[in-house]
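Engineer: Residue strings, one per chain:
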Amino acid sequence: MDEKNFEPKIVAFCCHYCAYASADLAGSMRLQYPPNVRIIRTPCTGRLEVEYYMKAFENGADGVLVAGCLEGGCHFIEGNLFAKKRVKSIQKILEECGLEKERLQMINNSAAMAKNLVDAINLMISMVKQLGPSPVNKKIGIGY
Amino acid sequence: MIVAQRKSIPEIHNIIKEHENVIVLGCGTCVTVCLAGGEREVSIISSALRIAAKKAGTKVKINELTIERQCDNVFIEGAVEEIKKNDAILSLGCGAGVQAIAERYPNIPVYAGLDTAFLGILESRGVWTEKCAQCGECLLSDFGGICPITRCAKHMLNGPCGGSREDRCEIKVNQPCAWQLIYKRLKDIGELDKIKKIHPLKDWSKSLNGGSRTIIREDHRI
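Chains as they are written, first to last, in our numbering: chain A, 2 to 145; chain B, 55 to 276.
Pulled out of the complex, with its shape left as it was, chain A reads as follows (with noise of 0.2 Å):
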């Protein structure tokens, strides 16, 4: 893959209370956002171990997204706080690596924000295209 045709290929891990019913919600309302995403959907962001973003990251993902409630609405109290936390943790880990920090994203969002998804995903999608492919990728000469 040359850099210039560059597609990335990011995961977004959704809370299934928020993030994943607000895709669901964007469909609804024909909002289009670019293929680019993979979208998994997960019981609570705080459910994602960090085994789960180091693996997407190993396996070639280019960034990943991590869809939350918003602060204070987590259906499990807390979890989307310990997800930040956690995502706080791993950008660490990723930079120990070799890897952009900015490459793994958090944010917030009610089910009833579609709209701020798809500007979330369509914002990850063209900083990631700035960052360029995954070295993980480069190296080893796997495409999109």
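No lab work stands behind these hints, which were simulated from the structure alone. Please read these numbers as outputs of a predicted model, since none were measured by experiment. Every residue gets a Cβ at the ideal spot worked out from N, C-alpha and C, and that includes glycine. Among the clues, some could well be false.
Claimed, not checked - Not everything, but these chain B residues come out facing chain A in the computed CB check (under 8 Å): (1) 94; (2) 109; (3) 153.
Stated by the list, open to error - Just so you have them, the derived chain A footprint on chain B, three or more residues with Cβ under 8 Å: (4) 58 to 71; (5) 95 to 102.
The hints should help you fit chain B onto chain A, whose structure is shown.
Structural biologist: Quick look at chain B alone, frame taken from chain A:
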């Protein structure tokens, strides 16, 4: 419990980069509890090393395994076949675990992936503090169960030093003065007279002196 923390990924990668097959070996005991070298940390560190290796263009292949206890040969034996397939071992055990593995495999390089820090307890979630310096001759009964060697910044046996402010240590302001704690504890348990006892110089020959210490229990030997 032994408390340790992970070395940085670049440091570990630098140690193992010359090898082709490296097994990251976790330990299911103390380092699992202090979230440094258990099965989950093996998975995280392995993923991080694979990413770092791809980024740096090194050909090292990372394998994963966690055994129940690295400092016990009984548990090491069970992993022999898996370990033999590799040309280096990155142990996520404490210093004792790393050395036990190295003794068992004289022909395979064994590297430490953790910095073993101290003997301590879980203070609150994600916070561990040192409680014992393993000095070889326990004096806790004289000090109401609070160790001045570990917890006093000056290791004073006849304290306090006079530098503490309120109940805080003058060297580490966030740390309570161990002698303040000892005074309060002895007072609470009605043994305040013990604080008047003058302790002679401690016999440090029972501590880090003359190589590694050995304990032999003849009644348990075969």
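Engineer: Each hint should be assessed against the structure and marked as holding or not.
Structural biologist: Evaluated hints:
Of the supplied interface hints, the one on residue 94 of chain B holds, with its beta-carbon coming within about 6 Å of a beta-carbon of chain A, less than 8 Å. Using the Cβ-Cβ criterion of 8 Å, the hint placing residue 109 of chain B at the interface with chain A is satisfied: the shortest such distance is roughly 4 Å. Checking residue 153 of chain B against chain A by beta carbon gives a least distance of about 26 Å; that is not within 8 Å, so the hint is violated. For a cut-off of 8 Å, the count of residues in the stretch 58 to 71 of chain B with a CB near a CB of chain A stands at 3, and the three-residue condition holds.
Judged by the Cβ-Cβ criterion of 8 Å, the stretch 95 to 102 of chain B is covered by chain A as claimed, because 4 of its residues qualify and three suffice.
Consistency note: the structure conflicts with earlier hint 3 alone.
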